[in-house]
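A.B. asks: Chains as they are written, first to last, in UniProt numbering: chain A, 1 to 183; chain B, 1 to 1017.
In case anyone wonders, no lab produced these hints; they're calculated from the structure.
Fair warning: this is a prediction, and the values are worked out from it, not measured in the lab.
Yeah, the Cβ is synthetic: ideal placement off N, Cα and C, and Gly gets one too.
The reader is advised that the hints may include incorrect statements.
[To be verified] Derived contacts from chain A toward chain B, CB cut-off under 10 angstroms, selection only:
(1) 16
(2) 22
(3) 26
(4) 27
(5) 28
(6) 29
(7) 82
(8) 104
(9) 106
(10) 108
(11) 122
(12) 149
[Unchecked claim] Ranges of calculated distance between the beta carbons of each label pair, as one might list FRET restraints:
(13) B:972 / A:41: 31 to 39 angstroms
(14) A:40 / B:575: 51 to 59 angstroms
(15) B:280 / A:58: 37 to 45 angstroms
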Amino acid sequence: MSSPSKRRDMDLMKLMMSDYKVEMINDGMQDFYVHFHGPNDSPYHGGVWRIRVELPDAYPYKSPSIGFVNKIYHPNVDEMSGSVCLDVINQTWSPMFDLVNVFEVFLPQLLLYPNPSDPLNGEAAALMMRDRSAYEQKVKEYCEKYAKPEDIGAAPEDKSSDEELSEDEYESQDEEMAGQADP
Amino acid sequence: MAPGDANLGDIDEDLHSRQLAVYGRETMRRLFASNVLVSGMQGLGAEIAKNLILAGVKSIALHDEGEVELWDLSGNFVFSEKDVGKNRALASVQKLQELNNAVVVSTLTTELTKEKLSDFQAVVFTDINLKKAIEFNDYCHSHKPPISFIKAEVRGLFGSVFCDFGPEFTVFDVDGEDPHTGIIASISNDNPALVSCLDDERLEFEDGDLVVFSEVHGMTELNDGKPRKIKNARPYSFTLDEDTLKFGTYEKGGIVTQVKQPKMLNFKPLKEALKDPGDFLLSDYSKFDRPTLLHLAFQALDKFLSELGRFPVAGSEEDAQKLITLTANINERLEDGRVEDIDLKLLRHFAFGARAVLNPMAAMFGGIVGQEVVKACSGKFHPLFQFFYFDSLESLPTENLDPSAFQPLNSRYDAQISVFGSKLQKKLEDANVFIVGSGALGCEFLKNVALMGVSCGKEGRLTITDDDVIEKSNLSRQFLFRDWNIGQAKSTVAAAAAASINPSLNIEALQNRVGPETENVFDDTFWENLTVVINALDNVNARLYVDQRCLYFQKPLLESGTLGAKCNTQMVIPHLTENYGASRDPPEKQAPMCTVHSFPHNIDHCLTWARSEFEGLLEKTPAEVNAYLSNPVEYATAMANAGDALARDTLERVLECLDKEKCETFQDCITWARLKFEDYFANRVNQLIYTFQDAATSTGTPFWSAPKRFPHPLEFSASDPGHLHFVMSASILRAVSFGIPVPDWVKNPKMLAEAVEKVIVPEFQPKKDVKIVTDEKATSLATASADDIVIINELIKRLEQCRKNLPPGYRMKPIQFEKDDDTNFHMDVIAALANMRARNYSIPEVDKLKAKFIAGRIIPAIATSTAMATGLVCLELYKVLDGGHKLEDYRNTFANLALPLFSMAEPVPPKVIKHRDMKWTVWDRWIIKDNPTLRELLQWLKDKGLNAYSISCGSCLLYNSMFPKHRERMDRKVVDLVREVAKLELPPFRSHFDVVVACEDDDDNDIDIPPVSIYYR
């Protein structure tokens, strides 16, 4: 019977307990950012992305929507919008999953094992299939260019941020930065 | 039975679109050719006639030899008090005719001869004695061709239906479902052969289904179109009754499609079926033995009537005893299948209510019988074979009633009083009811409650709300509306129509959508004063909202919904049942973006893409152009601030509209449309092929393998009607978006072809390093790796240049997709976009109507299932308004009239949560008074053994134990936090607000506690 709003509270809590940095916007729970690090054994290692998470009204019955805010070169991520064409999130979501699964399992899997046969970024997919090392080179270039730690957390007014956020929302936001990041 | 010849004028698709989505054209044409007789014009006859006239049969004859009595007004919505004394058929004809002028409605007021029945394809009798029924049925059964015969009765809370569609009746479509399909992954060379399919979607084949194959590579022998039988149907595989050892080896590809088989039914005539009824259609497993008894009881009632010339009197034990004896006698004479234990109480109630036609029963059976007539006339859906009996005895009041309670009061409710007693009647009349929605369900509900007398007393009050206006497509089932009401508010028109059915109805019509934004209209006092809420909604979100409000204010909620021939009802009763939101269907699966963007494999994908292109080209971009032109400086600044790829893309589109692709003449629009054709259906496809040529995944699987379909570019030809239709509809809407007049000659294919030939199409060169999902236009400015912001600034500069050349006040006209206007070319563009794309991928194309159903997300709807759903709900309404009923008295129903299937069951009780010595359900709420601080609230919970880690209000977090910042809030009043953080406005009349608390017990187990109401003054 867990009400949907309570599931939001619980899932968000679990995410923060798992040491993820969560940026809230005015204590709202429907829409927030999570910092995500590229997995160790992937060419994305060293990159950090701000992931925009939107929890729909029907969460957890409906999947969260996940988008990369700063750019990433990946066969399954739309380069322009940052939307993820991730099977588990978009297709086979079940209310049994939670946000920790998304960041602990689904996103690392996506970066470790891109699926070029269902591409959203066709160029990346084609490159990956034809010339793996050129593809990895390009991934690293993008990480270098768009996904350094200072590209996200430290400078929230970064131009890669979302347009829906107004200036004053940020002001109140940085003081609300997630627990574990505080010294 | 002779299904009518399918050779009539065109179907009015605007009027019948929702029904067409259920039946299809063929069935509708057969329906339009059918002549039907409805005999017996009390409540049931009127309901059946209404449903058939709305559906659009060719003609309907209303037969009744009797006169309207005050008694009839409990069940018949076309009669008013001034009709008393008139012939029933004559009193009905005018109001029924108004429902649909395309149907010929006539009357018959004298005794029927059997020869007269040969005028009809289907005949329905709602009030006929058994002797006559057998005579007529024999005639119909042996007639060449047979005439479909239906006998139906509603007697108080009991109902029966009998169908005989002749000795050999063919059902063309047994369930109304689309043929199932699968994408093949492998086929073995074996006997029998094993066919495996992709694990994208579960197969829905059943053993014995026939299937055909297409597009199979390698084992091409299977592509011969011959239907083959399957066995061992599993979620992702099945075996084929075929020796494939000598066939070629399967390579790749292939689609398997179910072939729907017609089914032949051999109906027995009534005389035989009475003795040997076969299996009864069950509706309620808790009553599995009832149909056998009711089969006898209805025959006994017929005997009672013929012997005494009247119905049993309500409350008369003598009459009840007589009926019981008659039933027992029939039972005695049975050779086999005798009823062991006759339920005397049941028969007593059957006797008491026998004369009454209750509106909810008439509505329910009107839906069922109406659907059977449609089946008889068209062969669509599986007929009821052959008897159906039903009772809703649980609707009776819980207390035992004295015979005097059933005495008529010389009122229009006398029939209803004879079943339920005058005390419940008074409760109905004084109820304060809220009906949410005034669409198809809402109209039916209003009719039902008006006839039942709900909210018709001095204390009674009925509020109906709907923010929608009447459209033509509503008229085929929202029967309180007429064509002259198009454009008017639904709730107002429906309320006026309901008040004309029963002038005592105290009804108020509102035009507010129910939701968080109208809580000033539907405020606490409004909710607190309600007796019951009836949902008549068409979407889940509104249902969930009303559910939450009913939970909060502890009000019963009667929920229902329909989808085509299916319907369901759910009773939400405070503290007895779970709430609506407690169980949910999984959300509708959407196709993955990548599939829609570049790799469609069915027409739905193409239509989804077409919808999104329509919106982008014709609505969003023109709106962006206008946004820019209205406030260029601010717009440019916002874009530069955003500085991302999305902003760049938007600016590029705006620039295109004002610069390179700006249209000034209609010829410009044709050029644009022609180049769009090239871009969408040739260049992009070529690019896709180029990018992925010979690509393979790391496992060696070729990139172009199932479910991906390999695309082929189209070569434009002005003589291809599909190509030309695209150019025509696209150029017309392009012209509309630029405010350019559309010349008539565009609709002349020859002249259009000439105009298209003039367009010069540049040759396509595939780019080596471009994205797939967008087109190549961006590369003219800079390479993809350049910084977006540089390009954005460049674009803004160029836009400024363009703007200087525009006349002052220049604006585009964004086009909002409207599916229900057949003349606006919107659906033409979408169907053309989708079909050309389908051609690229060798996907079968669809006609405009089918495209409209899918792209317009048209929910199939028919009058019959709607009427039945509301009848079922109103049978529950008796229980709710009586009060005191137990959980086991209530029924939720799922029904599918196409099969037909009725599945009624007790609602599920709410989940009980226990903690220490406390227990609660979703219906409970905790209350804390004296305006606590956050610390006090946490301590209050702590005292209950609960450690709260998160407290929220709406979607705002008030407290989370992980945030150091939130610890500073400890000594603040929670009400102040709610005002500041959640920005909740607390109206002066309210002295509390609610928070949601997530907490754990001392062993770190999450405990789901009720919402906490905090009183702060």
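A.B. asks: Each hint needs a verdict: does it hold in this structure or not?
C.D. replies: Taking the hints in turn, this is what the structure says about them:
{"no.": "1", "hint": "16", "in the structure": "holds, 5 angstroms"}
{"no.": "2", "hint": "22", "in the structure": "holds, 9 angstroms"}
{"no.": "3", "hint": "26", "in the structure": "holds, 7 angstroms"}
{"no.": "4", "hint": "27", "in the structure": "holds, 4 angstroms"}
{"no.": "5", "hint": "28", "in the structure": "holds, 6 angstroms"}
{"no.": "6", "hint": "29", "in the structure": "holds, 5 angstroms"}
{"no.": "7", "hint": "82", "in the structure": "holds, 9 angstroms"}
{"no.": "8", "hint": "104", "in the structure": "violated, 17 angstroms"}
{"no.": "9", "hint": "106", "in the structure": "violated, 14 angstroms"}
{"no.": "10", "hint": "108", "in the structure": "violated, 18 angstroms"}
{"no.": "11", "hint": "122", "in the structure": "holds, 3 angstroms"}
{"no.": "12", "hint": "149", "in the structure": "violated, 19 angstroms"}
{"no.": "13", "hint": "B:972 / A:41: 31 to 39 angstroms", "in the structure": "violated, 48 angstroms"}
{"no.": "14", "hint": "A:40 / B:575: 51 to 59 angstroms", "in the structure": "holds, 54 angstroms"}
{"no.": "15", "hint": "B:280 / A:58: 37 to 45 angstroms", "in the structure": "holds, 41 angstroms"}
Comparing the model with each numbered hint stated earlier shows that hints 8, 9, 10, 12 and 13 do not hold.
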